[in-house]
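Taking this note's numbering as reference, the numbering of the sequence shown is continuous, increasing by one, and the terminal residue is 350.
Simulated from the structure, these hints should not be mistaken for lab results. No experiment lies behind these values; they were computed from the predicted model shown. Treat each hint with caution, since some may be false.
Restricting the straight-line Cα-Cα distance to at most 27 Å, the calculated cross-link-like pairs of lysine-lysine (BS3-like) are [claimed, not checked]:
| id | residue 1 | residue 2 |
| --- | --- | --- |
| 1 | K238 | K228 |
| 2 | K222 | K238 |
| 3 | K60 | K179 |
| 4 | K179 | K222 |
| 5 | K179 | K274 |
| 6 | K265 | K60 |
| 7 | K179 | K265 |
| 8 | K60 | K238 |
| 9 | K179 | K228 |
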Amino acid sequence: MNPYVLAILLSSLGIGTTLTFASSHWLLAWMGLEISTLAIIPLMAQQHHPRAVEATTKYFLTQATAAAMILFASTTNAWTTGEWNIQEMSNPTALVLITMALALKIGLAPVHYWLPEVLQGLDLTTGLILSTWQKLAPFALIYQISPMMNPTLVIMLGLASTIIGGWGGLNQTQLRKILAYSSIAHLGWMMIVMQYSPNLAILNLILYITMTTATFLTFKNVASTKLSTLTLTWSKTPMMTTMAMMTLLSLGGLPPLTGFMPKWLILQELTKQDLPLTASIMALAALLSLFFYLRMCYAMTLTIAPNTNNNTSTWRQKSSQTTMTLSIATTLALALLPITPAIMALTM
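Required output: the full structure, derived from the provided sequences and hints.
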């Protein structure tokens with residue numbers, strides 16, 4: 003892709019998200035969401051591969067549907083109350099509609115079906131943008147309307163996402179689909195605590211983005227998109243493979259890694275809010291996700307590939323990819339648990 007075109011598209015992505023962040027008016031927020039959607043579409047279709055074009059079409063249709071629902075719900079609210087302000091949503095029908103539209107935007111269950119299919123059709127870099135940056139703008143809107151949302155609906159969305167995100171990834175062999183289901187499960191954790199402690203949900207989002215960035219960049223560095231190709235990585239890059247295994251366990255939420263922190267704090271918050279059953283279901287659903295992370299770790303570090311790699315030149319070539327971002331993201335994904343009290347003091 004032409005570097006000037008790429009610069010315009012990436013800056014449009016940034017402008018769209020920033021516009022949504024800064025807006026207090028529904029039309030401006032909607033405009034920001036549309037700009038970022040339209041900016042990522044050429045990035046998704048740039049490979050001209052039938053699967054990429056199919057993924058782009060699916061993404062465009064779902065995002066257009068969600069945007070239309072947001073516009074309809076905000077207009078309904080303005081019509082009945084005379085208010086366009088995001089924090090003045092008092093019409094219950096409009097609130098339910100807008101919650102479901104934003105759930106569709108980010109891929110929460112039960113409106114998650116597009117996410118694994120779309121992510122599977124993209125390359126790892128665009129998949130990383132879709133899994134991280136594209137979640138920020140809808141989350142900013144969810145954060146603003148969270149005090150007014152229907153509590154039952156939010157808990158149902160959170161529970162469904164965590165269970166389906168864990169269940170869906172169990173039988174997958176494609177890494178991008180596994181990461182899509184991982185994304186759905188993590189979004190469920192964020193939604194479940196959004197009404198009780200929005201800052202905790204934002205902390206979870208930041209840590210999810212850090213861990214997902216580290217995972218995507220690792221797979222990009224070893225050029226792996228299938229579970230079977232992961233079995234060859236330990237012989238090429240043993241150190242990176244070890245770090246990737248730790249990052250996956252962090253995504254699964256095992257102590258003493260960073261990923262344990264948000265799960266621990268969210269379960270604590272749910273227990274404080276007299277929701278022990280919800281907390282128990284969430285903890286059990288996390289085990290489903292942990293299973294497929296362990297499966298990936300097993301494939302990466304504990305198995306020898308059935309086909310012997312006789313050609314020595316392929317894995318001795320020096321990688322030309324920069325690893326600075328990967329190093330920072332991996333360090334953050336592994337080592338932040340000891341500073342939990344400091345983070346809690348800043349966010350709570």
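How the hints compare with the structure:
| no. | hint | result |
| --- | --- | --- |
| 1 | K238 to K228 | holds, 16 Å |
| 2 | K222 to K238 | holds, 14 Å |
| 3 | K60 to K179 | holds, 15 Å |
| 4 | K179 to K222 | holds, 15 Å |
| 5 | K179 to K274 | violated, 35 Å |
| 6 | K265 to K60 | violated, 32 Å |
| 7 | K179 to K265 | holds, 22 Å |
| 8 | K60 to K238 | violated, 36 Å |
| 9 | K179 to K228 | holds, 10 Å |
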